[in-house]
Amino acid sequence: MAAGSSAVAEELGPEKARSADERAASSRPLNADEARQFWSFRPLVRTDSPSVKNPAWVQRRIDDFVLATLEANGLSPSPQADRRTLFRRATFDVIGLPPSPEEVEAFVQDNSPDSYQQLVDRLLASPHYGERWGRYWLDLVRYCDVPESWAQTKAQAWLYRDWMVRALNEDLPYDQFVLRQLAADQLR
Numbered sequence: 029m030a031a032g033s034s035a036v037a038e039e040l041g042p043e044k045a046r047s048a049d050e051r052a053a054s055s056r057p058l059n060a061d062e063a064r065q066f067w068s069f070r071p072l073v074r075t076d077s078p079s080v081k082n083p084a085w086v087q088r089r090i091d092d093f094v095l096a097t098l099e100a101n102g103l104s105p106s107p108q109a110d111r112r113t114l115f116r117r118a119t120f121d122v123i124g125l126p127p128s129p130e131e132v133e134a135f136v137q138d139n140s141p142d143s144y145q146q147l148v149d150r151l152l153a154s155p156h157y158g159e160r161w162g163r164y165w166l167d168l169v170r171y172c173d174v175p176e177s178w179a180q181t182k183a184q185a186w187l188y189r190d191w192m193v194r195a196l197n198e199d200l201p202y203d204q205f206v207l208r209q210l211a212a213d214q215l216r
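In our numbering, the protein residues as written are 29 to 216.
Derived from the structure by calculation, the hints contain no laboratory data. Fair warning: there could be bad hints in the mix.
[What the hints assert, rightly or not] Derived Cβ-Cβ restraints for the label pairs, each shown as a range:
1. L168 - R70: 27 to 35 Å
2. P155 - L207: 20 to 28 Å
3. D138 - L187: 33 to 41 Å
4. S104 - S154: 30 to 38 Å
5. D149 - S54: 41 to 49 Å
6. L200 - E99: 37 to 45 Å
7. S104 - A153: 33 to 41 Å
8. L200 - D138: 28 to 36 Å
9. R70 - D142: 29 to 37 Å
10. S55 - D173: 35 to 43 Å
11. S68 - A96: 21 to 29 Å
None of the values given here were measured: they were computed from a predicted structure. We put the CB at the ideal spot given by N, CA and C, even for glycine.
Turn these sequences into a full structure, and let the hints guide you.
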């Protein structure tokens, strides 16, 4: 290994390794005034909506920005999905399960203006919501309760899995979600 390089640099490969100057610059003390200029620390500023060629498509303020970006790239919005497709997409996206034919038909027949909002609220309240989205968190923390040798030493691991699913279903704030995982034994 060359002088000034590190094991991490070697692992990343020469094309991704930082130079000695770049490593030195990243280890200098942080300048707080300079850091406050980073975009995520600046106050939000209300901006004017961009003008678009097809204002009839716009339903909400954010649609102006989406449509302007599409138009700038020579694209146009997809046609609006029919109610059957919209219902299926929502159930697969939110809870990861297909709807029953009866549920689909009930939604298609419901012409109330807030039917889609009610659908989304119902899906978010479903226990399947936490099960679907919890699997991504469990993958991230390398949760496993299948291998026999592991299960013998961690027989209560399912308690963590079930707690995590409940936390998502109960909409536990993210800071509390993380804190309880990192310091659960210290909390009272």
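*Can the suggested window of 29 to 37 Å be confirmed for the beta-carbon pair R70 and D142?*
holds, 36 Å
*Determine whether the Cβ-Cβ distance between S104 and A153 falls within the hinted range of 33 to 41 Å.*
Roughly 35 Å apart at Cβ, these two residues keep to the hinted range, so it holds.
_A range of 28 to 36 Å was offered for this pair. Does it hold for the Cβ distance of L200 and D138?_
holds, 31 Å
*Take the C-beta atom of D138 and the C-beta atom of L187, compute their distance, and say whether it sits inside 33 to 41 Å.*
holds, 40 Å
*Hint says 30 to 38 Å; check whether the CB-CB distance for S104 and S154 agrees.*
holds, 34 Å
_Cβ separation of D149 and S54, checked against the hinted range 41 to 49 Å_ = Given a distance of about 45 Å, which is inside 41 to 49 Å, the answer is holds.
_Satisfaction of the hinted span 37 to 45 Å by the C-beta atoms belonging to L200 and E99_ = With a Cβ separation near 40 Å, L200 and E99 satisfy 37 to 45 Å, so the hint holds.
*Honestly, do P155 and L207 meet the 20 to 28 Å range at C-beta?*
Roughly 24 Å apart at Cβ, these two residues keep to the hinted range, so it holds.
*How does the Cβ-Cβ distance of L168 and R70 compare with 27 to 35 Å: does it lie in that range?*
Distance hint for L168, R70 holds at roughly 30 Å.
*Is 35 to 43 Å right for how far apart the beta carbons of S55 and D173 are?*
Distance hint for S55, D173 holds at roughly 41 Å.
*Given a hinted range of 21 to 29 Å, is it respected by the beta-carbon distance of S68 and A96?*
Cβ of S68 to Cβ of A96: about 23 Å, so the range 21 to 29 Å holds.
In summary, this structure violates none of the numbered hints.
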